[in-house]
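Here the sequence shown is numbered in our numbering, starting from 171 and rising by one per residue.
One should not assume that every hint holds.
Taking lysine to any residue and the SDA-like style, the derived pairs with C-alpha atoms no more than 20 Å apart in a straight line are [to be verified]:
{"hint": "1", "residue 1": "Lys-269", "residue 2": "Gly-318"}
{"hint": "2", "residue 1": "Lys-326", "residue 2": "Phe-277"}
{"hint": "3", "residue 1": "Lys-269", "residue 2": "Leu-375"}
{"hint": "4", "residue 1": "Lys-228", "residue 2": "Gly-318"}
{"hint": "5", "residue 1": "Lys-269", "residue 2": "Gly-325"}
{"hint": "6", "residue 1": "Lys-326", "residue 2": "Thr-313"}
{"hint": "7", "residue 1": "Lys-269", "residue 2": "Lys-326"}
{"hint": "8", "residue 1": "Lys-269", "residue 2": "Leu-253"}
Simulated from the structure, these hints should not be mistaken for laboratory data.
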Amino acid sequence: QALATAPQRAPRPSPRLREIPSPRARASPNAFPRPAAMPAPPAVATAGALRVGWQSYKRHLERSPLITKSLTTGAVMGAGDTLSQSATRDEVDATRTLKWSLLGVTFSGPAMHYWYTTLARALPGTVLGRVVLDQLLFSPAYTAAHMGALLSLDGKRGPDVGASVAAELPTTLRSMWSLWLPAQAINFALVPAGFQVLYVNSVSLVWNTWLCTTTGKVEAPR
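Work out the full structure: start from the sequences and follow the hints.
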């Protein structure tokens, strides 16, 4: 008698494996939201702005040295006059500030640019000689012309301008030499030629701000 064969079970379908995302898919920028960017601290933002401004100033100085120095001198002299007035007056005279800025652009900036360029070519590497010529030759002529120009802008003419300059120039020079002899020695010894006008403007701004705060007076910027 033939043996009965047991019926064969049909194979169970294998369960579908869950798809596991690939590492690249897990690392997709859309997989997880990025945290919001934190704003830079004020000190960092200020430092960045100053660095950008300084790089821009150097580019303009290389391309147009005379124009850049003249505009910078006008801006610094205007700012210095505003600070001086703020320390000694209740209100700022905008017309007076405009006169100082105009004088910086048209006279002080160009005069210092050409003078320092001439000194560097005539006496390269000679700090003492440049200081002596600057303080005994250029400084008296520059200060007298600066004082005369300001008086002329204020409406004085001819003999009145000459008399005022002659009366005030000796005292003004003695006061300025106490500052500018050491300041110019540092300038000619350490400051690159292209930045010497900016250095002088900066020293003038600090000096006049301190002077007008303590005594109520202001001197002709160098």
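Structure-based check of all given hints:
no.	hint	verdict
1	Lys-269 x Gly-318	13 Å, holds
2	Lys-326 x Phe-277	18 Å, holds
3	Lys-269 x Leu-375	16 Å, holds
4	Lys-228 x Gly-318	33 Å, violated
5	Lys-269 x Gly-325	12 Å, holds
6	Lys-326 x Thr-313	17 Å, holds
7	Lys-269 x Lys-326	14 Å, holds
8	Lys-269 x Leu-253	15 Å, holds
Consistency with the previously given hints fails for number 4 only.
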